[in-house]
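According to the working numbering, the sequence shown holds residues 2 to 298 in order.
In short, the hints are calculated from the structure, not lab data.
From the three backbone atoms N, C-alpha and C, an ideal C-beta is built for every residue, glycine too.
One or more of the hints may lead you astray.
[Said to hold, decoys possible] Here are the simulated BS3-like cross-link-like pairs (lysine-lysine), alpha carbons at most 30 Å apart as the crow flies: (1) Lys-95 x Lys-30; (2) Lys-48 x Lys-95; (3) Lys-95 x Lys-288; (4) Lys-193 x Lys-174; (5) Lys-205 x Lys-174; (6) Lys-184 x Lys-205; (7) Lys-95 x Lys-206; (8) Lys-184 x Lys-206; (9) Lys-30 x Lys-47; (10) Lys-95 x Lys-42.
[Said to hold, decoys possible] Simulated DEER-style distance windows between Cβ atoms: (11) Glu-150 x Asp-97: 13 to 23 Å; (12) Thr-298 x Pro-114: 21 to 31 Å; (13) Met-80 x Pro-189: 15 to 25 Å; (14) Glu-150 x Val-179: 30 to 40 Å; (15) Lys-42 x Arg-119: 36 to 46 Å; (16) Arg-54 x Asp-106: 14 to 24 Å; (17) Gly-22 x Asp-266: 43 to 53 Å; (18) Pro-156 x Met-80: 23 to 33 Å; (19) Arg-153 x Ala-103: 16 to 26 Å.
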Amino acid sequence: MSTPEEARKKLLGMTDLFSLGLSEAEFAKLSSLIYSTCGIKMPPHKKSMLESRLRRRLRSLGLTSFGGYCDFLFASGGMEQELTSLIDVVTTNKTDFYREAAHFDFLVERALPELINRFGSGFDRPLRLWSAGCSTGEEPYSLAMVLSEFGRLNPGFSFSILATDISTEVLSKAARGVYAAEKVAPVPEECKRRYLLRNREGEKKLVRIVPELRSLVSFRHLNFMDEDYGIREHFDLIFCRNVIIYFDRPTQQTFLRRLCHHLDDERFLFMGHSETLHGMQLPLGQKAPAVYRKLAT
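Using the sequences plus the hints, can you model the full thing?
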């Protein structure tokens, strides 16, 4: 069996075969691997999307065909070298600061007062929040701003945020906390002044999250298909918005049960507004649009 490097070198210098496109057999092989690895379903209509995204990956590897890429990926040692990059290619990372703003209103006006009054969360111990599927960091940093502003009005309040994603590429961007200036347009002006640093050099207008806020968010790689997430703590709040839309129904239910395991009783789960939990056997009761509370056991 050839090594990944041997498979790559074998195809160097050959005529460009991209015009042949991604074959049905190659798509089936890759989509099966993607589903088994990270639970993302790749129906036939996504074949052209996968082909388009993989072209850039092939060029960076010096490969000239999709068949060569499959040879490289499935050769001995290929998964260890390339699987993370393949996952980075197929994951969609659409997110914004203060996305679905009604959730932040519910958090401040209803969830936090209840968690504080009933459980002492944030005062007896730090409030624990998990941003599951954090992408490039806009969600956890938005939450850090909202909670920091709450803390300014409620001295002694403290919190910690765990932010996870399967893509190492987006996690690297999130940890840096650097964004194009237009990306932070939804951030309230007072929060911009307190929590953003502006780049005063070069032509490109950039902002960076201040170190004090970045220190409140811990970024970690996590695959939701793993049986053990390596997370031992339980959370008061979990934000998992626009994640399960990429999974089929059985995968959604299995994943959400695992998520509930990490949520303390009578604490809150925030989902995306386009996602429904209707018909699933989960220990959750709906409290507001796309907001659920874990039932007491």
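Going through the hints against the structure:
1. Lys-95 x Lys-30: 26 Å, holds
2. Lys-48 x Lys-95: With Cα atoms ~20 Å apart, Lys-48 and Lys-95 stay inside 30 Å; holds.
3. Lys-95 x Lys-288: Cα-Cα ~26 Å, so holds.
4. Lys-193 x Lys-174: 19 Å, holds
5. Lys-205 x Lys-174: 17 Å, holds
6. Lys-184 x Lys-205: 13 Å, holds
7. Lys-95 x Lys-206: 21 Å, holds
8. Lys-184 x Lys-206: 10 Å, holds
9. Lys-30 x Lys-47: Given pair Lys-30, Lys-47 holds - Cα atoms ~14 Å apart, limit 30 Å.
10. Lys-95 x Lys-42: With Cα atoms ~17 Å apart, Lys-95 and Lys-42 stay inside 30 Å; holds.
11. Glu-150 x Asp-97: 13 to 23 Å: Holds - the Cβ-Cβ distance for Glu-150 and Asp-97, about 18 Å, lies within 13 to 23 Å.
12. Thr-298 x Pro-114: 21 to 31 Å: 23 Å, holds
13. Met-80 x Pro-189: 15 to 25 Å: 45 Å, violated
14. Glu-150 x Val-179: 30 to 40 Å: With Cβ atoms ~22 Å apart, the hint is violated.
15. Lys-42 x Arg-119: 36 to 46 Å: The hint (36 to 46 Å, Cβ to Cβ) holds, given that Lys-42 and Arg-119 are roughly 39 Å apart.
16. Arg-54 x Asp-106: 14 to 24 Å: Because 36 Å falls outside the window, the suggested range is violated.
17. Gly-22 x Asp-266: 43 to 53 Å: 52 Å, holds
18. Pro-156 x Met-80: 23 to 33 Å: Violated, at about 51 Å.
19. Arg-153 x Ala-103: 16 to 26 Å: Distance hint for Arg-153, Ala-103 holds at roughly 22 Å.
Violation of the numbered hints given earlier is confined to hints 13, 14, 16 and 18; the remaining hints are satisfied by the structure.
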